[in-house]
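**Student:** Letter by letter, the chains look like this.
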Amino acid sequence: MSSSAVDPVLYALVGSAQETTGATAGLLLERQHDDLIVVAAVGDRVEHLRGAVVPGDGGVAAYVLASGQPLALTVRPGDPRLREGVMALLDQPPSAVLGVPCASDEDAVGALLLLDKPAGQFTFDDVELATLLAGIAGVAIVQAGPASLQVPDPAELASGLERLARADPARYAMVATIVEALLARG
Amino acid sequence: MGDQRPLPAFSRESQVLRLPGVDNLEDLSPEWAWGGSTGAGVRVAVIDSGIEADHPDLEGCVDVDAGVHVRVGADGDLVETTGYHHDSFGHGTACAGIIHGLAPEARLTSVKVLGVGLAGQAAAFLRGLAWAVDEGFDVINLSLGTTRRDWALPFHEICDRAYFQNAFIVTAANNVQRASYPSLFAAVASVACNLSDDPYRFHFNPEPPTEFLAPGVDIEVAWKGGGRLVATGNSYAAPHLAGIAALVRSKHSRLRPFQVKTALWACAANVVDARQRAGRFGQSTQRMTSSRATAAFRAADVRSPTERSPRPDRRPPPPPVDRQPSDQVSRTDPVPRADPVPRTDPVPRADPRPPPPRRPSAT
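First to last, the protein sequences are chains A and B. The first sequence runs 1 to 186 under this note's numbering. The second sequence runs 1 to 363 under this note's numbering.
Be aware that one or more of the hints could be misleading.
To be verified - If you want the footprint, here are the derived chain A segments under chain B, 3+ residues with CB under 8 Å: (1) 46–60; (2) 66–78; (3) 127–137.
What the hints assert, rightly or not - Listing some non-contacts, in silico: residues in chain B with all C-beta distances to chain A over 12 Å: (4) Gln4; (5) Leu17; (6) Arg18; (7) Leu58; (8) Glu59; (9) Ala66; (10) Asp77; (11) Val79; (12) Gly136; (13) Pro154; (14) Leu255; (15) Gln259; (16) Thr262; (17) Gln276.
In case anyone wonders, no lab produced these hints; they're calculated from the structure. Being a predicted model, the structure only gives us computed values, none of them experimental. We treat Cβ as the ideally placed atom computed from N, Cα and C, and that holds for glycine.
Start from the sequences and build out the full structure, keeping to the hints where you can.
**Tutor:** Listed below in C-alpha cells is the structure:
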C-alpha cells in the first residue's frame, strides 16, 4: 500500500516558512508514537526525505518536540554535531538550524525545521514567524488525523483486501465484503 | 498572663534581622551579592536533556553518580535511573556550560527528563523537578516548560514547595507568546533574553511574570560531542541567572529564595544604572526613597526580548562612591565582568569567570 498523496497545505506552510526566513530548505516532521516522520520537505537537498522515519530520541526536531521550545543553532559548516535525527539523512550537515514545535491546543504534534540561512543566523523574527506557521501546521496535522501519512486511502484499502481475498478467499473474503459494505454505506 | 497568652498559629516575636554590610536596600550591590564568589558549596540541578559530563568546558563540575534520569516506561509508569546518562540533544550540556562558566566551583547534577520517548514528558519533567526539590538543591535550572494547562497545578505545588524548602528555581520563559509552566509562577525566577553579551549583565523586567532578562541571543554554548555552537533562546538566558544565583547563594548561604530574588533585583543592570543616574543628578548624597528608585528603574533600559537595540550593549557607569563601611569585600573592587563575546562565529570563548577565588563569606 502506498502512502497518501502529498498534503498541499503542509507543503505550502513549509514553503512559506522557508521563503520568508530565507532558509534554503524546510522539513515538517510529525510525531508518530516515539518516532518522527517527514510529512513535508521543501528544498532541493531535502525533497527526497518525505516519508523518512527517524527515532524521536535525538536531534533538533526531537528536542523541539519533547521540550516544546524553539531552538536556533549555528555551527561551522560541516560540523558533524548536527548529524542526528533527520539531519543524519542529509548529504551535508547544515550550518544553521531553526526548529520550532508544531503545537495544537496544548500539545506538540510535530516540528518544523528550517535549514541554512545564507544571509546569516536565524533571528528572533525568524523564530516568531516560523512559530506562527508551525502552529497552523500543527492544526493541519491534527485535522488530517494521526499518522496521516501511513493511513491508506479507503479505496486503496478495499483494493488491497480484494487482492488478498482473491489469493486466499477463505481467509479474506468475508473481511473484504464487510469493508466494501462499510465503504458503500459511506 | 504574659507569656502564657495564647497566640494564633505561627505567631512569634519579631527579631531584628540584618544582612551583614546592608543597612539599606541601596547597599545590595553586585559586589556585595557575589563579589569574590565562585559558587563553592552550592549544588545546582540542571533539569534538561542530560549533561555530557566529560565535555571539556565543564571541567569535571558534574556529579555524575548523583544524576537521575526520569522517563516514562513502556507500561506508562515513571522510571528513575540514577547515575551516568548521556545528553540526548546537547541542550542540557549547553545550560550546564553557562552555569559553570559563571560559577566554576558550583557542583552540577543532571536531572534528565527529555530524550527517551516523546510522550509523557510533562510527567517526567514534574517528577524530575520534585526529585531535585526533595534532594535539597540550592539552585534548580529549568530551561524548559510545559504548555499543558492540566499540568499547571502540580507544577505550582512543587514550585511553592521548593520556595519554602529553600530551593531557588530559575525557569526560562517561553520563547513565543504562549503560556508555559512553571515560568508563570511567582515562586520561580522567570527569565527571557536581553541583548547583552556580558554574562553578568541581567535586567529586571517590571512587567511580570517574566521578572528577569539575561543574555540569550547568539550565545556560544557547549554542545554534545565536545564542541560548541552558537544558540539563541530563553533557554540560555535562564542558566545565566542560575549561575549568578549560585554565586549569591555561595556567598550568602542563609538567604531565602525571596531574598535571593531581591538581591538579584537590586543588582540588575537597569536598577544599578538607575541609582547611578540619580546620583549623577546631584542626589548622590541622598538615599533614594523607594518611590524614587521605583520611578528610576521603570525609566531604565528594560526592553522586551523581541526589541532590538544597538550593539554593543551599554555598560553601566563606574560604581558609585561607597557610602557604607565595607563588609567582606572592598567596594572599590570592580564587579566581576567578562570580556564580551564577539558576535561572529567562530569566536574565541569569553571567560566569564570572576577574578581569582576568595573564600565565600558567610552571612
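**Student:** Taking the minimum C-beta separation from B:Gln276 to chain A, is that value above 12 Å?
**Tutor:** Consistent with the label, B:Gln276 stays out of reach of chain A, its closest Cβ about 29 Å off (over 12 Å).
**Student:** Are 3 or more residues of the stretch 127–137 of chain A near chain B, judged by a Cβ distance of less than 8 Å?
**Tutor:** holds (count 3)
**Student:** Minimum C-beta separation from B:Pro154 to chain A exceeding 12 Å: can you confirm that?
**Tutor:** holds (14 Å)
**Student:** B:Ala66: least C-beta distance to chain A exceeds 12 Å?
**Tutor:** Answer for B:Ala66: holds, closest chain A Cβ roughly 23 Å.
**Student:** Would you assess whether B:Gly136, listed as outside the interface, keeps its beta-carbon beyond 12 Å of every beta-carbon in chain A?
**Tutor:** holds (26 Å)
**Student:** Find the nearest Cβ of chain A to the Cβ of B:Glu59 and say whether that gap is larger than 12 Å.
**Tutor:** At about 20 Å from chain A, B:Glu59 clears the 12 Å cut-off, so the statement holds.
**Student:** Minimum C-beta separation from B:Leu255 to chain A exceeding 12 Å: can you confirm that?
**Tutor:** holds (30 Å)
**Student:** Is the Cβ of B:Gln259 farther than 12 Å from every Cβ of chain A?
**Tutor:** Correct as stated: the minimum Cβ-Cβ distance to chain A is 30 Å, above 12 Å.
**Student:** Far enough from chain A: is every CB of that chain over 12 Å from the CB of B:Gln4?
**Tutor:** holds (55 Å)
**Student:** Once the closest CB in chain A is found, is it more than 12 Å from B:Leu58?
**Tutor:** holds (16 Å)
**Student:** Run the C-beta distances from B:Val79 to all of chain A and say if the shortest one exceeds 12 Å.
**Tutor:** The assertion about B:Val79 holds, with a minimum of 15 Å to chain A.
**Student:** Would you check whether the claim that B:Arg18 is not at the interface survives, using Cβ distances to chain A and the 12 Å cut-off?
**Tutor:** holds (42 Å)
Of the numbered hints stated above, none is contradicted by the structure.
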